[in-house]
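Engineer: As a plain string of letters, each chain reads:
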Amino acid sequence: MIRVELVKLVRRPRSWVSILLLCGLPVVVAVFVAVTHIAPPPGQGPALLSEVLSSGTLYPAAALAIVLPIFLPVAVAVVAGDAIAGEASAGTLRYLLARPVGRTRLLVAKLVTLIVYTLSAVLLVAGTAYLTGITLFGSKPVAATPGGLTTSNIAASAAATSLSGTAMSPTDIALRTIGAISFIAVSMLGVGAIALFLSTITDSALGAALGALAALITSEVLVTLNAASAVDPYLPTRYWLAWIDFFRDPIVWRNIERGFALQAVYVLVFLGAAWAHFATKDVTS
Amino acid sequence: MIATRALTKRYGRLLVVDQIDLDVRDGDRYGFLGPNGSGKTTVVRMLLGLVYATSGEIRVMGKPVPKQVADVLPSIGSLVEGPSAYGHLSGRANLALIDAAGTAGSRRTRRRRIADTLDRVGLGGIDNRPVKRYSLGMRQRLGLAAALLRTPRLLILDEPTNGLDPQGIREIRDLLIELNQAGTTVFLSSHQLSEVEQLCTRVGIVNQGRLVEQDELAALRAPTGRAIVRTPDVAQARDLLDGRVEHSEADRLLVSGTDTAMLNAQLVAGGVRVSEISAERRSLEEVVLAVTSSGSDRVGGPARGGIPGPGRPGGGDVLEQGDVAGREQP
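If you read the protein sequences in the order shown, they are chains Y and S.
If you count the first sequence from 1, you need to add 789 to reach our numbering.
If you count the second sequence from 1, you need to add 48 to reach our numbering.
It cannot be assumed that every hint is accurate.
Label pairs and their calculated CB-CB ranges [what the hints assert, rightly or not]: (1) Y:I1006 / S:A51: 50 to 56 Å; (2) S:D119 / Y:H1066: 21 to 27 Å; (3) S:N176 / Y:D1021: 50 to 56 Å; (4) Y:R792 / S:G130: 26 to 32 Å; (5) Y:P959 / S:N176: 55 to 61 Å; (6) S:A51 / Y:R792: 35 to 41 Å; (7) S:T249 / Y:V901: 43 to 49 Å; (8) Y:R1047 / S:A51: 56 to 62 Å.
On the chain S side, residues computed to face chain Y include the following (Cβ under 7 Å) [to be verified]: (9) L96; (10) L98; (11) S126; (12) V128; (13) A148; (14) A149; (15) G150; (16) L223; (17) L227.
A short, non-exhaustive set of chain Y residues, derived as facing chain S with CB atoms under 7 Å [what the hints assert, rightly or not]: (18) V793; (19) A879; (20) G880; (21) T881; (22) P889; (23) V890; (24) A1068; (25) D1071.
Calculated directly from the structure, the hints in this document are not laboratory data.
Just so you know, these numbers come straight off a predicted model, no measurement behind them.
For glycine and all other residues, C-beta sits at the position ideal for the given N, C-alpha and C.
All chains, please: the whole structure from these sequences, using the hints.
Structural biologist: What follows is the structure in structure tokens.
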């Protein structure tokens, strides 16, 4: 069943269009920055973008920072929201279940497909960004940011431009980028799990995707709100930017670990809820 | 093949299926009839394990549903509430996907089985256009192909001839009869009486969630004990058949007794010209109309004896009418 779902993913034009758009945005940004040589001042604009002028090898990380806030969650939410609700509204869900495909098996296959999609999206963004970066900005070795205690994106960028840290070898950057990629992929999986759960509840793929995005926007609003500091550590987007800590020297693990743990809880809870609901629901679509 | 006992489904306070005892035997061509919204589709979905019953028991091929439905579903082909497919893929690609899903068919024979099945439903020469450019009839045939892909022992079909032209309907009917003669049990849910009348051997009629009739079609359509005679010489025939004529119209007589050959001989001997003579049978339509009410898609008020107009006496026991009358005549 997993193979059937993967074939469906690959043969669906939407998958490729969304990945193409995801890869395209960082290229557009890179071209503008390379042509004008006007990088955002340190501390403003997407993380790490001000550093890429000195070396293109950092561009994969910068590219991820560009697509992370909106494009990537939207793409993941759309694919995950479509998982069950899309089949339901197309009328194919009843035929799959009557085939028979066990409900749990179907959900697992959908989940695996979602993981594959998320990973390929993140990897392809990083890959195209690497090629773009090398082509447009060259591949000089760069300095890591000094290990700071600050956790925010802004402070991290500011520290990075001081260039007072130790030099990072290409292997070092590659390893850090892999760490960042896996962290971002897991964060996206959290979004995916919420959308997948909603997808089992409604028959509207759009509704499920928008519902998941609404949850994220709520979370982003609450993260910036001091009054909501009591729930702050449990918000799904709270540690999203912690992957920047991979580019400090030494790597600051505290928020990265918390981020992984929090996303794992979200994924488990929402997948559990999705399974519990889907396994017992009447399929009337 | 299919047996249910006191099968009941409630959605909240709404009772959709009420204590249904279905009995579909091996080799039947079973017609499941009922008005729109009478619970047919819900029953079909329960048989396939898509919807869970509130109470009651289902056995399909001897296995309890939904508990062991996965054991029997591989030998069931189904078409529920219209066909559906992935619109951006071709018909062949769709069949290949559905065949590979779940309890998969063998990969080695897949291409051949798909070609054979498409031939069977009359889509043998189909090109690679995506399903979204299929006509309604082609989609219907593709849905049937998906149901037939694994040569099922039981076919559960909901309105299978929807969207087909008369030739197509005929073709599908012949195909179903052929499959049935080869040993496939056919369970056909429909509100098209003619379809059921021409195809089925047994009929179950459902009305407002209850099974109100279940019998052999031949038994339901048994002769009524009367004969219909058409003749230009009505008066003469009445005289001749003194007392046996139950009803007469312009050129049509209803005569008690079923021996039409004898009756014919008697009439002709008496000099009555007979243009048509046959034993009267109840049509399936009469049977169904006698036991069902109008479907849930009819949302009218309760039947009234006509709305009182200005010149007519406002004779009604309906409340508003009394009110209006009361105000008009203080």
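Engineer: So, S:A148 near chain Y? Judge it on the closest CB pair being under 7 Å.
Structural biologist: holds (5 Å)
Engineer: Take the shortest C-beta to C-beta distance between Y:P889 and chain S; is it under 7 Å?
Structural biologist: holds (4 Å)
Engineer: Given a cut of 7 Å on the nearest C-beta pair, is the interface hint for S:L223 held or broken against chain Y?
Structural biologist: violated (20 Å)
Engineer: Hint says 21 to 27 Å; check whether the CB-CB distance for S:D119 and Y:H1066 agrees.
Structural biologist: holds (25 Å)
Engineer: Tell me if the beta carbons of Y:P959 and S:N176 are separated by a distance inside 55 to 61 Å.
Structural biologist: violated (47 Å)
Engineer: Hint check: is the beta carbon of Y:G880 less than 7 Å from a beta carbon of chain S?
Structural biologist: Interface hint status for Y:G880: holds (3 Å vs cutoff 7 Å).
Engineer: If you take the shortest Cβ to Cβ gap from S:A149 to chain Y, is it below 7 Å?
Structural biologist: Nearest chain Y Cβ about 5 Å off; hint holds.
Engineer: Does Y:A879 pass the interface hint, meaning its C-beta sits closer than 7 Å to a C-beta of chain S?
Structural biologist: Holds. Min distance 6 Å.
Engineer: Is the gap between the beta carbons of Y:I1006 and S:A51 within 50 to 56 Å?
Structural biologist: holds (53 Å)
Engineer: Does 56 to 62 Å hold as the CB distance between Y:R1047 and S:A51, or does it fail?
Structural biologist: Distance hint for Y:R1047, S:A51 holds at roughly 57 Å.
Engineer: How about Y:D1071: closest beta carbon in chain S under 7 Å, or not?
Structural biologist: holds (4 Å)
Engineer: Using Cβ atoms only, decide whether S:L227 comes closer than 7 Å to chain Y, and label the hint accordingly.
Structural biologist: violated (18 Å)
In terms of the numbered hints stated before, the structure departs from hints 5, 16, 17, 24, listed from lowest to highest.
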